[in-house]
Amino acid sequence: MTFPTTRPLPPEDAPLTVLGIESSCDETAASVVRLDRTGPWVLSDVIATQVAEHAPYGGVVPEIAARAHLRVISPVVREAVASGGGWDAIDAVAVTAGPGLIGALLVGLQAGKAIALARGLPLVGVNHLVGHLLAPFTRVHGEAHVTPTFPFVALLASGGHTALYRCDDAATMRELGATRDDAAGEAFDKVAKMLGLGYPGGPVLDRLAERGDPAAVTFPQAMRGRSLEFSFSGLKTSVAQHLAKHGQPPTEQALCDLAAGVQRAIVETLVRKLLLAAQQEGIPRVVLGGGVAANRGLRARAAEACAQVGVTLVVPPTRVCTDNAAMIAYAGAVSLRSGRRDGATLDARATWPIEVALERSADTRSAVAPPAPVAPSAPVASWDEFRSTSTRPIVTVAVR
Amino acid sequence: MAPLLLRRPSLRRLGRALGVAAEAGDVIALLGALGAGKTHFAQAIARGAGVPPTIRVTSPTFAVVIEHSGRLPVHHADLYRLADADELAEIGLVERAADGLLLVEWADRLPGVLPRDVLWATLTPARPGERSLALTATGPRAEALRAVAAQWEAARRA
Chain A
2 MTFPTTRPLP PEDAPLTVLG IESSCDETAA SVVRLDRTGP WVLSDVIATQ
52 VAEHAPYGGV VPEIAARAHL RVISPVVREA VASGGGWDAI DAVAVTAGPG
102 LIGALLVGLQ AGKAIALARG LPLVGVNHLV GHLLAPFTRV HGEAHVTPTF
152 PFVALLASGG HTALYRCDDA ATMRELGATR DDAAGEAFDK VAKMLGLGYP
202 GGPVLDRLAE RGDPAAVTFP QAMRGRSLEF SFSGLKTSVA QHLAKHGQPP
252 TEQALCDLAA GVQRAIVETL VRKLLLAAQQ EGIPRVVLGG GVAANRGLRA
302 RAAEACAQVG VTLVVPPTRV CTDNAAMIAY AGAVSLRSGR RDGATLDARA
352 TWPIEVALER SADTRSAVAP PAPVAPSAPV ASWDEFRSTS TRPIVTVAVR
Chain B
19 MAPLLLRRPS LRRLGRALGV AAEAGDVIAL LGALGAGKTH FAQAIARGAG
69 VPPTIRVTSP TFAVVIEHSG RLPVHHADLY RLADADELAE IGLVERAADG
119 LLLVEWADRL PGVLPRDVLW ATLTPARPGE RSLALTATGP RAEALRAVAA
169 QWEAARRA
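Chains A and B are the protein sequences, given in the same order. With the numbering used here applied, the first sequence covers 2 to 401. With the numbering used here applied, the second sequence covers 19 to 176.
Hints were generated in silico from the structure; no laboratory data involved. Hints are not guaranteed to be accurate.
Derived contacts from chain B toward chain A, CB cut-off under 10 Å, selection only [unchecked claim]:
#, residue
1, L29
2, T76
3, T79
4, T140
5, P143
Just so you know, even glycine gets a beta-carbon here, dropped at the ideal spot from N, CA and C.
Looking at chain A on its own, in the form it has when it is part of the complex (with noise of 0.2 Å):
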């Protein structure tokens, strides 16, 4: 059985409605965004967390993510759509690829192309982290948010990735520093779970460290010098040579300055070369990204530095800053409209640096003929096809 030829997109001036499905780590969400010439508009926007299913691990526990996706993804999927004006209104899907657990993605990928593929859509793969450094510029209606102006600098810190960006237009976007080892969020994670503190760590630390004395217990941080790397995992060691030596926290209000000291260290380590990305690159706009930008500590912290040096800072809500799907259909728009299709072959990536993504998707634009009002669609991909070239395994989801 052959399935029909993909459906060309909407014409340039017309506006593009795109379905985001986003399933790289424990959070499963769809949403449906309207690009038109004012912006990127949210239209619905559904997450289904599973950070309860997670918190007696300590952690996301990543075949439990798997599973729960599997569970929940249909569903998802169906209220993102019914609220975002249904199936008919839906020009194209838009899932993300990688970076992420593949067990996790795997079950998001192949609800996109089996959603693609049974209603003719155009599909594409998004990366993760270009999502997130786009997504401060989805609006909500009704919602007031400042938006970023490029050329910006963007800090992403989440319990998986911790790195700088230098973000020059939609397509343009290089690193400039990574995490040598943990990132943020995970020493977060990690410092909580030494002090038999709950999961996720980094809210639970946020809170203990606002009433606790940040200089009562001070902690080494690292990459001192003018490098924009990152290391958090001398942290954890010197949090356990604490605790050896003195036991965990005997009151309430050494926890606290506990926390305190730690939220310090990670929190002076990211602002501080945020700045410093920013002072080298000549940029004075910065922007937060990732779960860690939930952590009021680093809001305030990097409110105060970059007034101090002028800098002007950009803090999305949360909602944007967190995993979501809508940041994934905006990126996926983006990626469609510079010409970029992919197809049955589209397969998760556990690592897949942005420049390499965003690489492909220029290669791709130099393989369109310019003037294309329609964008060519991809080939005809048959189920026949599609089996063949999945090496994974096929989900099946409810399309109405």
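Given chain A, work out where chain B should sit, using these hints.
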């Protein structure tokens, strides 16, 4: 072989020596508490196995397993977040890693999932800035790697 007392640079040098000696199919399990230096030691072994310095050997906690290309493939895994052996089987870690060197952090979380021939490296904080490293070999290849470590230690003491 008594545990070795090593400062950071020595730990790195020994890691490199083990990486240089590693062959496809070798498995090194890294044990120790949070902050004991497992990732640090794994980074050094990966460098010794030819993973170029331009490649960041970051913590595999989030990704569970990260594959690096060196002189031979280096599979750097972390079982910290896995709950049971079935999950490891689903990932196919041991089968996947047979073509290269497998470095596993937190392998003691899921005992019995690794092949028989494993070099168990246990890191414990000793005096400030020092780590105690205990090596146990459970097969001929692991024994060969442990001999490399013993030789390295003898040369260091000489």
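Taking the hints in turn, this is what the structure says about them:
1. L29: This hint is violated: L29(B) lies away from chain A, its Cβ roughly 12 Å from the closest one there, beyond 10 Å.
2. T76: At about 6 Å, which falls below the 10 Å cut-off, the nearest Cβ of chain A leaves the hint on T76(B) intact, so it holds.
3. T79: 6 Å, holds
4. T140: Cβ of T140(B) sits 15 Å from chain A, so the hint is violated.
5. P143: At 7 Å from the nearest chain A Cβ, P143(B) passes the 10 Å test, so the hint holds.
Of the hints listed earlier, those the structure fails to meet are numbers 1, 4, in rising order.
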